[in-house]
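Please arrange chains B and C on chain A, whose structure you already have, making use of the hints.
Same order as they appear, the protein sequences are chains A, B and C. Taking my numbering, the leading residue of the first sequence gets 5, the next gets one more, and so forth. Taking my numbering, the leading residue of the second sequence gets 268, the next gets one more, and so forth. Taking my numbering, the leading residue of the third sequence gets 686, the next gets one more, and so forth.
There could be a bad hint or two in this list.
[Claimed, not checked] Here are the simulated SDA-like pairs of lysine to any residue, each with C-alpha atoms no more than 25 Å apart in a straight line:
1) B:417 x A:27
2) C:1078 x C:1054
3) A:113 x B:390
4) A:113 x B:399
5) B:341 x A:27
6) B:448 x A:308
Please keep in mind that the hints were generated in silico from the structure rather than gathered at the bench.
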Amino acid sequence: MPEQTVIEAVRDTMRNEMRRDDTVILLGEDVGSRGGVFLASDGLIEEFGENRVIDTPLAESLICGVALGAAVNGLRPIAEIQFADFMWPAINQLIGEASKVRYGTNGVKTAPMTVRVPYGGGVRGGLYHSQSIEVLFAHTPGLSVVAPATPYDAKGLLASAIRSNDPVIVLEHKRTYRLVKGEVPSEDYTIPIGKAEIKRPGTDLTIFTYGLMVHYSLQAAEMAAANGIDVEVLDLRTLRPLDADAIAESASRTGKALIVQEDTPAVSISSEVAAIIGERCFFDLDGPITRLGPPELPPMPFSPIQEAAFMPSPEKIHTAITKLAEI
Amino acid sequence: MSATANKPSNSSETDSDQLTGARLTELYRMMVLSRHLDERVWLLNRQGKAAIAASAQGHEAAQVACVEATDPSKDHYLIYYRQFTAMLALGTEPEEMLRGFLAKEADPMSASRQFPLHGAHPRVDLFNFSNVIATQLPQAAGVALADKLKGSDAATIVYFGDGASSQGDTHEAMNFAGVQKLPVIFFCENNRFAISVPQSKQMGIDSLASRAAGYGFPGVQVDGTDVVAVYEATKAAVARARAGEGPTLIEASVERLLPHTTDDDHTRYRTAEDIERMSKRDPIQILSDLLKRRDLITEAEDEAIHAEAKKRVNEATDTVDAEPYPGVETMFDHVIEGSGGNS
Amino acid sequence: MVFNIELPHVGESVTEAVIGKWLKAPGDQIEKYDPLVEVTTDKVNMDVPSPATGVLTRILAEEGETVPMGSVIAEMEAADGSVSVGQDAGETAEPTSSPAAGLAGRIGTVVQGANVGPTGGEFLDTSLSAAPNTPGVAASSQAASASPASPKARQKGFSPVVTRLAAQHGIELSSLVGTGLGGRVTKKDVLAAAENGDSGAGAAVQPQLDGVSNDDQVIVPSPIRRMIANHMVKSMSEIPHAWSAIEVDVTGMVEWRSASKDSFESEHGVRLTYLPITLSVVAEALKTNPRLNSSWIDGNIVLKNAINVGLAVAAEEGLVVPVVRGANEASLVELAGKLSGVVDRARSGSMTLDDVQGGTFTLNNTGSLGSVWGGAIINHPQAAILTTEAIVKRPVVISENGADSVVVRSMMNICLSFDHRIVDGAEASEFLQSVKSGLEAITLSSDLK
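Next comes chain A alone, as it looks inside the complex (with noise of 0.2 Å):
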């Protein structure tokens, strides 16, 4: 079986997708002769020529509302945001517009575009080069949002979010870009949108996670598990919607809920899942609750010591599990 790392699995991915259907395209700054700036549509420009691989303006709100009216006339746009970071001005474009196309027109437009952004911290890139941006999409109706955290899933996701007749945003971790490698089988597959993945089953307590926090649960599971606690990690890929079912059954069967979440914790997906946990849960729990997210500060400082500080580590989860563990 094949291995990729994240980022290959994503460039194969659009590869694919662009040879099994015409229609797809990719736009984005710096996605044409430079490949990305993270390698991400590396080869493409030379496959697929320029009409279908973009080198756009710097103009985000741009890139998103291009994206848009292509959608709806017959394409089928990969938009590519740079960085998380610089999304803000085509909020309006995606959250504003995007979202309520089929919904607005009755049914009689949609628009099947997806949009990629690479997001998340830990690689020293202080306060715009590390955000996580996941809330605003995933409270919107009419939007989906997937966060694959594996080489493996990030095939899967893309795949279905590139052949939704809906906007999807995509969100890929960069630092898991080419931290993590897995087996990715060459054979075309997708993985619905809005189901979760036990990624490490467990009976004493669940993890809720997704991204590179999924990563460091598993590490944290194993060093609990050398004390004798069995943790289960569910990874829950997507973020809107949310698998209420698979959510409410890991935490109704372990008894005890730890939500792990890079973002900051205030109003956020963390927010959202100890929610569905409480709604459903209620009876079957054996402690509260509990959330580990970094502090409530702008993510996230740029100085190394700050950085690791900020954000949530192997070791830090696994002292949570702990503390809930002995409740």
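Frame of chain A; chains B and C shown alone:
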């Protein structure tokens, strides 16, 4: 009677690129119908039946003339909230217009989920996704980009006002269209007021069209009350687009004869003199005079055209007034594919 | 001080450089930022600037050599104060993950050192996963947990899943011993109880057991019985028991009680037995011998502030231990009242949660059944248990004015079992002496309230 019943399927079948007398008269008929319907909608608002309306009075000539120069069987139209007349020119029935204003179930654009004139047209490729200003310009660039990649010679016409020209999206869209030589016509109906903000506070220039040079394509300023001038300017822009020569910016100078919307009172920011002066640039009056000068219609025929329009408006109002509102059952449809019971 | 000069990490996705011309030689005086040597990488040609002021002493990488970034290429003698010792957050390799069985391949592994920098290039991981040992970091680790569970908080009440499971399985929560933090009854405790007591419904079903012959009778224990059994095993296996006993001359107490009981009963409306008296004396003795009122918790001796004495009571289903709280603060009358109440409730099976929680010491009146010696099992997690044995009239030798004589006295043995991790023989004896002297101080003319 459909507003476009007598329109040939392809405008190029006329003698030349010029408008024939017959077509001019047809366009006049459309403008008159639009005027009467527009007035009726305003009244419906004052009756409390139409929650909100933005009038196109003063814009009628620019809108019909622009549409006339295009091909609704293949071109794309991204409108904004003031394209009342353009909608009619593109074959929308008065009943369909009223369904939007009265928020009825059978509103074809959005099943009344949106403001009137928002949503997507059932028969031509016309749409207006939102009430947010200028977001349609980058979208139009996207539509045009898709046509370019598909090798289609369709043109994309995107409408916007003077206020929208200040938005960042406008700059970004024009810039990109210029770089990629996209087949898009940026059609600005400049009535010199963005609600109450006059042009002198909106931009540091006298002519919006002059900005096009900054993006590498032609900008044309025309008298928006002159049907022929607008038609010819648009025709040229459409030809450029179809030939792959890139975008054009057309600035049609018009008057906004009524306040911004039914919620506005323009006497708060416009002088009485100004309002009096602009009422002289009424395109209905101007075209009526022209048609009579050219012996294309008589006074009696003019009156008949007005009477017929009023009758049509009355019929449409009565029909739609009796129709139902959408029920709760359809509220969950079309959020994403498969949502609700009917998507 | 000797200072190592390293080839610095410069340039995106670049890991090594070729050494070019050295611009300084050993022995040369160098200023901070002076160019030292030319190097060539895949991306850039550059001069390596000196990190400090001082004297170049050794060159360790020769011209033409390819050297990985970070390796030492020269040494210098640096002038003190010129070297800025940067906050080297330390290099920590990314710990490798061992993925869950069954998903291992697809979850993937973490590749050492394969880091993408903030803007796309290679980035050197200088310890981002491990929180360094600074107080600020420790504090923010605390802050990082949005709702931490405080280990010191005593868990009050039962969690939703515990109440639900208990109701489902018909388990008496008050009889459960909690293994959770602070003695909390956990989901596991209830499930274990359910599993053990599950077959308690019908005694008609004979379980298959070894060593059982056809005419033996197998009694399947009730949940309560199981609880008691488990508790006893836990106590014996965990606590190293030691024993000590002493004789107490309770003649005075007997006389006092005999003379006082009628008026006591009519005045206070409650029966006067020996129990409140011994309880009162024992409570006082615990106050002056606090180690007998403690618990061995996680390797620490925790001295309990409250003196809550449990009384072992034979109820219908088995031994129960209702607790008299604050036994050292109550008057004799109050104690008598409390005792009467809890014992009644214990016998009738109507004890409340309050009745059984929080005991710090246990008193067992085995003498009421005629026992004269007992080695009771400590009520885990307490430190000791005291039995009061039967009061027996015995001939006893008394010395008075140098002369010995034999008299008949009411004698009662009191027997202590204690946790030898916490209490030594001497302390045990001191405690027993306190109780003895307390009891022996009671005479007919005592005014006990």
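Worksheet entry | Numbers of unmet hints, in rising order | 6
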